[in-house]
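Peer 1: Please work from the sequences and hints to get the whole structure.
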Amino acid sequence: MSNTLNLTLQVWRQPSTNAAGTFETYQAHNISDDASFLEMLDIVNERLIEDGKIPIEFPHDCREGICGTCGVMINGRAHGHEKGTATCQLHMRKFNDGDTIVIEPWRAAAFPVVRDLVVDRSPLDRIIEVGGFITAPTGTAQDANQQPIPKEVADSAMDAAACIGCGACVAACPNSAAQLFTSAKVWHLNSLPQGQAERYKRAESMVETMEEFFGSCTNHGECSEACPKEISLDFIAYMNKDYIKSKVKNRRMSSQI
Amino acid sequence: MASPTLVKKSSDAPLRAKGKELPFPLNLYQTAVGKKWVMALTGIMLLGFVVFHMVGNLKLYIGQVEHLNAEGEYKLDYDINIYGEYLRELLVPLLPRTYALWGLRFGLIGAFALHIHSALTLTRMNQVSNVAYSSKRDFIAANFASRTMRVSGIIVFFYLIFHLADLTWGWTSDEWVRGHVYENMVNSMSRPIVALVYIFANILLSIHIFHGAWSMFQSLGINNPKYNALRRGFAAGLAGLILLGNISFPLAILSGVVDI
Chain A
436 MSNTLNLTLQ VWRQPSTNAA GTFETYQAHN ISDDASFLEM LDIVNERLIE
486 DGKIPIEFPH DCREGICGTC GVMINGRAHG HEKGTATCQL HMRKFNDGDT
536 IVIEPWRAAA FPVVRDLVVD RSPLDRIIEV GGFITAPTGT AQDANQQPIP
586 KEVADSAMDA AACIGCGACV AACPNSAAQL FTSAKVWHLN SLPQGQAERY
636 KRAESMVETM EEFFGSCTNH GECSEACPKE ISLDFIAYMN KDYIKSKVKN
686 RRMSSQI
Chain B
383 MASPTLVKKS SDAPLRAKGK ELPFPLNLYQ TAVGKKWVMA LTGIMLLGFV
433 VFHMVGNLKL YIGQVEHLNA EGEYKLDYDI NIYGEYLREL LVPLLPRTYA
483 LWGLRFGLIG AFALHIHSAL TLTRMNQVSN VAYSSKRDFI AANFASRTMR
533 VSGIIVFFYL IFHLADLTWG WTSDEWVRGH VYENMVNSMS RPIVALVYIF
583 ANILLSIHIF HGAWSMFQSL GINNPKYNAL RRGFAAGLAG LILLGNISFP
633 LAILSGVVDI
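Chain order of the listed sequences is A and B.
Counting with our numbering, you get residues 436 to 692 for the letters of the first sequence.
Counting with our numbering, you get residues 383 to 642 for the letters of the second sequence.
Cβ-to-Cβ under 8 angstroms is the rule here; a few derived chain B residues that face chain A:
1) 504
2) 514
3) 531
4) 601
Everything labelled a hint here was simulated from the structure, so no lab data went into it.
Every residue gets a Cβ at the ideal spot worked out from N, C-alpha and C, and that includes glycine.
Peer 2: Okay, structure coming up:
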């Protein structure tokens, strides 16, 4: 049986980047506890539209936890209080009737608010552009399993590749550091044979581009707790190691073991 | 999405431009990851000092021992005073007297300067990068120690200056005599206010170490799932050991367990 909830929402409303924003209070009555958090916002928006008001702008796309588009601060936690869950996968059954829910956009100097709960996360793309790829200007794709890769290595690379780039790590970090995102993207490729050719160049340029936009890591660990994919802090240590090595290593000898 | 008339501030403009790269090893100190690496390395040096300092102070509990002095006669002397003199004699005759000690001191002063400078610049970087939330944050992993590193660090720094003035330079007492480590410590910490300062500052130092001694592994890239669980234990154990050792001195002197 599904139950319904009556909620009080405090939602950040901001008409544009340079306009002043403020919290507005909305009553959300008769919300099915089967609804996802975003569906709850859809229902609230439909009612706002019926009343002739401007609906709440919020980021969303796939709604199945894999695209990384959605993400808001819910009661002071990135993606809400459910561990390893993106906002779209957070269900209203995790809330209680009569709850007040405070919804705020991600906050970071590099993430300006576009409107309401939508922020511009393009600095994360700037980091990917300088190293989140391998250069393989060859013909067709290789056969699978042509390069033997230990299972543990493939697992580690997959754990890193699970990052959906939602920016919750930056939002949760008291320093607005993007270390968890960047390290996941670095380690996804640096742990695999295919990524070795550009390993140290990648670590160096991705870290340095990251630092043009974001703060520095003080190892609080908030990022990993907020991450909907539960990316490990271990990758940050691996990235730090590769970054320091990038400054010392003689890359002319990097094909030699 | 956004309305077409929206004046969007480009987030593509970096908060800080990448400067010209300096030659190795100065280039390491130009970036935040490099600065954290330096902070961790200097932290290890300072931790080493704190541990040896505490071990040296434990000689307070040995009290007096028979000791062959410079005149070639056996006399009773406080063990910690003998140790203090030994530090000045370190590496004699390879180096002249106090040279090795001053070498260590200069190393520590350099480590302190880099540790503090990196903390200052990284704090400024983080302040620029961060925008405060308008609603209340609910922290999950960040603990009291990690969130108060700056405060505990600053207080420990001012305590350090007081400690030097109190027991190295002897500015806080007329009874202070150079080389009489035992007597100076007992005289100083018999004053309850001073003893309290020592206890309070060492609690903060331990809190600082509780986060720092774990965090340094991450900053240095020392991470292996096989022993990662031990890193927290190491930091907690080290912080606890330093806390117990260091606050035992003012407590022992205040309670009269250690007396002249």
